[in-house]
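Protein chains in written order, with this note's numbering: chain A, 1 to 421; chain B, 422 to 615.
None of these hints come from the bench; they were simulated from the model.
Treat each hint with caution, since some may be false.
Far from chain A, some chain B residues (derived; all Cβ distances over 12 Å) [to be verified]:
{"hint": "1", "residue": "437"}
{"hint": "2", "residue": "608"}
{"hint": "3", "residue": "611"}
Computed cross-link-like contacts, EDC-like style, restricted to lysine to aspartate or glutamate with a CA-CA straight-line distance of at most 20 Å [said to hold, decoys possible]:
{"hint": "4", "chain 1": "B", "residue 1": "477", "chain 2": "A", "residue 2": "64"}
{"hint": "5", "chain 1": "B", "residue 1": "500", "chain 2": "A", "residue 2": "46"}
{"hint": "6", "chain 1": "A", "residue 1": "71", "chain 2": "B", "residue 2": "485"}
{"hint": "7", "chain 1": "A", "residue 1": "26", "chain 2": "B", "residue 2": "437"}
{"hint": "8", "chain 1": "A", "residue 1": "52", "chain 2": "B", "residue 2": "571"}
{"hint": "9", "chain 1": "B", "residue 1": "492", "chain 2": "A", "residue 2": "9"}
{"hint": "10", "chain 1": "A", "residue 1": "71", "chain 2": "B", "residue 2": "449"}
{"hint": "11", "chain 1": "B", "residue 1": "500", "chain 2": "A", "residue 2": "9"}
{"hint": "12", "chain 1": "B", "residue 1": "477", "chain 2": "A", "residue 2": "57"}
{"hint": "13", "chain 1": "A", "residue 1": "332", "chain 2": "B", "residue 2": "447"}
{"hint": "14", "chain 1": "A", "residue 1": "71", "chain 2": "B", "residue 2": "482"}
{"hint": "15", "chain 1": "A", "residue 1": "71", "chain 2": "B", "residue 2": "478"}
{"hint": "16", "chain 1": "A", "residue 1": "52", "chain 2": "B", "residue 2": "472"}
{"hint": "17", "chain 1": "B", "residue 1": "477", "chain 2": "A", "residue 2": "46"}
{"hint": "18", "chain 1": "A", "residue 1": "71", "chain 2": "B", "residue 2": "571"}
{"hint": "19", "chain 1": "B", "residue 1": "477", "chain 2": "A", "residue 2": "49"}
{"hint": "20", "chain 1": "B", "residue 1": "500", "chain 2": "A", "residue 2": "14"}
{"hint": "21", "chain 1": "B", "residue 1": "477", "chain 2": "A", "residue 2": "9"}
The structure displayed is predicted, hence computed values, not measured ones.
C-beta atoms are modelled at their ideal positions from N, C-alpha and C, and glycine is treated no differently.
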Amino acid sequence: MAKQKKYNEPTIDELNKYVAGELLPKEQHQIEKSALQNQQIEDTLEGLEQLKNASIDQQAVSDELRQRLQKRVETKERKLLPFYYASAAAVVLAVGLSWWMVREQEVPTTVSAPVTKEKAKPMSETAKQTAIVSAPEKEITKTSRIASTQLVVKARKKRQESVIALAQEVPAADLAIESSKTEELQVAPLPVAVSTPQPVGTIAKIASENTRVARVEALKASAPTLSDETLFALRGQVLDAIDQKALVGRSVALIGQTQAVLTDSNGNFILRNVRKNSQLTVNSTGYQPAQITIKDSTISPILMLEDKQVLSEVVIVDYGKTANVSQKLAPKSGWKAYNDYLKTSAQTFITNNPQVPRGRVALGFTVNTAGELMNFENKNKANPLLFEEAVRIVKEREKWAVSYKKGKLQAEKIRLVISFE
Amino acid sequence: MFLKILRRKTNLTDAEYLSAYQRTGDLEGLGALYERHIDMVFAVCFKYLRDEDRAKDAVMEVFEQLVTDLKIVQIQNFKSWLHSVARNFCLMQLRQKKVTMSDDGIFEDEAYESFIAQSPEKEDWEIEHQLADLGDCMQTLAHEQRQSVELFYFQQLCYQQIAAQTGFAISRVKSYIQNGKRNLKLCMEGKKHG
Chain A
1 MAKQKKYNEP
11 TIDELNKYVA
21 GELLPKEQHQ
31 IEKSALQNQQ
41 IEDTLEGLEQ
51 LKNASIDQQA
61 VSDELRQRLQ
71 KRVETKERKL
81 LPFYYASAAA
91 VVLAVGLSWW
101 MVREQEVPTT
111 VSAPVTKEKA
121 KPMSETAKQT
131 AIVSAPEKEI
141 TKTSRIASTQ
151 LVVKARKKRQ
161 ESVIALAQEV
171 PAADLAIESS
181 KTEELQVAPL
191 PVAVSTPQPV
201 GTIAKIASEN
211 TRVARVEALK
221 ASAPTLSDET
231 LFALRGQVLD
241 AIDQKALVGR
251 SVALIGQTQA
261 VLTDSNGNFI
271 LRNVRKNSQL
281 TVNSTGYQPA
291 QITIKDSTIS
301 PILMLEDKQV
311 LSEVVIVDYG
321 KTANVSQKLA
331 PKSGWKAYND
341 YLKTSAQTFI
351 TNNPQVPRGR
361 VALGFTVNTA
371 GELMNFENKN
381 KANPLLFEEA
391 VRIVKEREKW
401 AVSYKKGKLQ
411 AEKIRLVISF
421 E
Chain B
422 MFLKILRRKT
432 NLTDAEYLSA
442 YQRTGDLEGL
452 GALYERHIDM
462 VFAVCFKYLR
472 DEDRAKDAVM
482 EVFEQLVTDL
492 KIVQIQNFKS
502 WLHSVARNFC
512 LMQLRQKKVT
522 MSDDGIFEDE
532 AYESFIAQSP
542 EKEDWEIEHQ
552 LADLGDCMQT
562 LAHEQRQSVE
572 LFYFQQLCYQ
582 QIAAQTGFAI
592 SRVKSYIQNG
602 KRNLKLCMEG
612 KKHG
């Protein structure tokens, strides 16, 4: 048996030719045979035949697919490129941002810089004038003339330098002093170097005067002032507008910020991280809300006007329900009824037990969030018998409206005085 | 870059492309390799999906599969592997679309063909034995199948010629050969074991 030729896979072109009917019978047989042998060829062949039957332009499809593939391969690359750009942009942005922030922090100092510059300018011009004035003077020696011109050059140079320094953002406060110093140094020796008649000297004097002014102003300008971005701690006090009494436990907050602070027993408060021009609000029941724009780290006491309207609008809601209303701890029946109750209870006790010593009991206790009374204390160390009776009396009528602030129940301590007299 | 691709296209074998891609992950190389076989993939996809646009999309998705798979998988014969990837992809799509297709001829075994092709390596007595078996088995085939198989394998005619000679339709000829081939294989295996 003749050895079979080594199996050769037909190419796609051959398959296409087969489908187009361009092959010789022998070649057709070869392809058919390999199709029978090889699933891949079989599938391809069938696909090509179906394409022909559906009269789909195989070449056009092929071109389109190649384009799509090329695009796909390229898009992956393009996706990589923006990554480089993005990271570069991010770095640039970060550097720019930090530069800007540094600049912002130095706002007060940079503001002072132009002042020095402006002051410096007329200064050196005066020096120039001196030179010009001195030039026509016949008594002036050549050397002195050269000296004065040199000075002008020097002054110009210095000015240039200071401008350059400005551009380089050398801390401007230092610069202000430095530049004014140099100006002074240049001008001061002028009357000495140029032994000239009066006018020149006066001009020079004026010039040096100017320098001093410039220096002072420069220093003033560079002195720390509050910029819009600096954070500081704000201290203040909240007082009643009428009797100047300190308002305790009032909430003070910045608009746009969640944190609020309460005033202490003297009505004082400290708010941290405050910016200039931020709005401060003081809210307290019974007073008209106050709003202040912050200009400095210390402010005059905030005077609160009483607001009767607000008081009348306070609504007490049921237990368990929360509302954004504050309620103070009180007996349920009200203070008047409760005081009457205490009085009569004390009275009955005395009449029933005439032998016990008389006295007053300062009774301290806590009303917890459930309205229960606990932690009784004999605050004034009264007679234990009376203290016991006082506790009994208070416990007997255990009905307290629990205090809540901003809709939150709170345990609260209270102190009652019961007199057994 | 473009020249590089051209050079690669002419010089590199599939295996070289593959190892290059596994080394560098360079998509352009993979794209060039895929372009070689893109017509085949499209034809296969069209065969199964029977829709031009779906087949086109399938071609692109198969490429995406290659991008991930080829990083891990070691492949001996890229073309046949690619064919099975494309076919499986299409079959998965059909399964998702719940389009039922008869798997007639799709999963046909190739054992018989390789058996024939590899027979020269066997001992003479074995071949003789097998030829005898083959002769017996040929007699068991249906008339049309035997005729088609004989004309195709023994006389090496193409489908067209067989159709002209026998008067069968070309598609019939093909299925006669396929079925005859399968029956022969079953018969031969039965003889071998029995």
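Now the hints, each set against the structure:
Residue 437 of chain B, annotated as away from the interface, keeps every beta carbon of chain A farther than 12 Å; the closest lies near 18 Å. Under the 12 Å C-beta cut-off, the non-interface status given to residue 608 of chain B relative to chain A holds; the minimum distance is some 17 Å. For residue 611 of chain B, the non-interface assignment is confirmed: its Cβ lies about 21 Å from the closest Cβ of chain A, beyond the 12 Å cut-off. Simply put, residue 477 of chain B and residue 64 of chain A have alpha-carbon atoms about 9 Å apart, close enough for the 20 Å limit, and the pair holds.
Between residue 500 of chain B and residue 46 of chain A the CA atoms are separated by roughly 17 Å; this keeps the pair inside 20 Å, and the hint holds. Proximity of residue 71 of chain A to residue 485 of chain B is assessed by CA-CA distance (about 13 Å); at most 20 Å being required, the pair is judged to hold. For the hint linking residue 26 of chain A to residue 437 of chain B, the alpha-carbon distance of about 33 Å lies beyond 20 Å, and the restraint is violated. Taking the CA atoms of residue 52 of chain A and residue 571 of chain B, the gap is about 29 Å. The hint is violated against a cut of 20 Å.
Between residue 492 of chain B and residue 9 of chain A the alpha-carbon distance is near 26 Å, which puts this suggested pair outside the 20 Å criterion. Note on residue 71 of chain A and residue 449 of chain B: the hinted pairing holds, with a Cα-Cα distance of about 10 Å set against a maximum of 20 Å. The straight-line distance between the Cα atoms of residue 500 of chain B and residue 9 of chain A is roughly 10 Å, inside the 20 Å bound, and the hint therefore holds. Distance check on the hinted pair: residue 477 of chain B and residue 57 of chain A sit about 13 Å apart at the alpha-carbon level, within 20 Å; holds.
At most 20 Å may separate the alpha-carbon atoms for a hinted pair to count; residue 332 of chain A and residue 447 of chain B exceed this at roughly 82 Å. Of the pairs offered as hints, the one joining residue 71 of chain A and residue 482 of chain B holds, with about 14 Å between alpha carbons and a cut-off of 20 Å not exceeded. The straight-line distance between the Cα atoms of residue 71 of chain A and residue 478 of chain B is roughly 14 Å, inside the 20 Å bound, and the hint therefore holds. Among the hinted pairs, residue 52 of chain A with residue 472 of chain B is consistent with the structure: their alpha-carbon atoms are about 13 Å apart, no more than 20 Å.
Straight-line distance between C-alpha atoms of residue 477 of chain B and residue 46 of chain A comes to about 16 Å, which keeps the hinted pair within the 20 Å bound. Among the hinted pairs, residue 71 of chain A with residue 571 of chain B is inconsistent with the structure: their alpha-carbon atoms are about 50 Å apart, more than 20 Å. For a cut-off of 20 Å, the pair hint linking residue 477 of chain B to residue 49 of chain A stands: about 17 Å separates their Cα positions. With a C-alpha separation of about 16 Å, the suggested pair residue 500 of chain B and residue 14 of chain A falls inside the 20 Å cut-off, and the hint holds.
Under the criterion of a C-alpha separation no larger than 20 Å, the hint pairing residue 477 of chain B with residue 9 of chain A is inconsistent with the structure, at around 25 Å.
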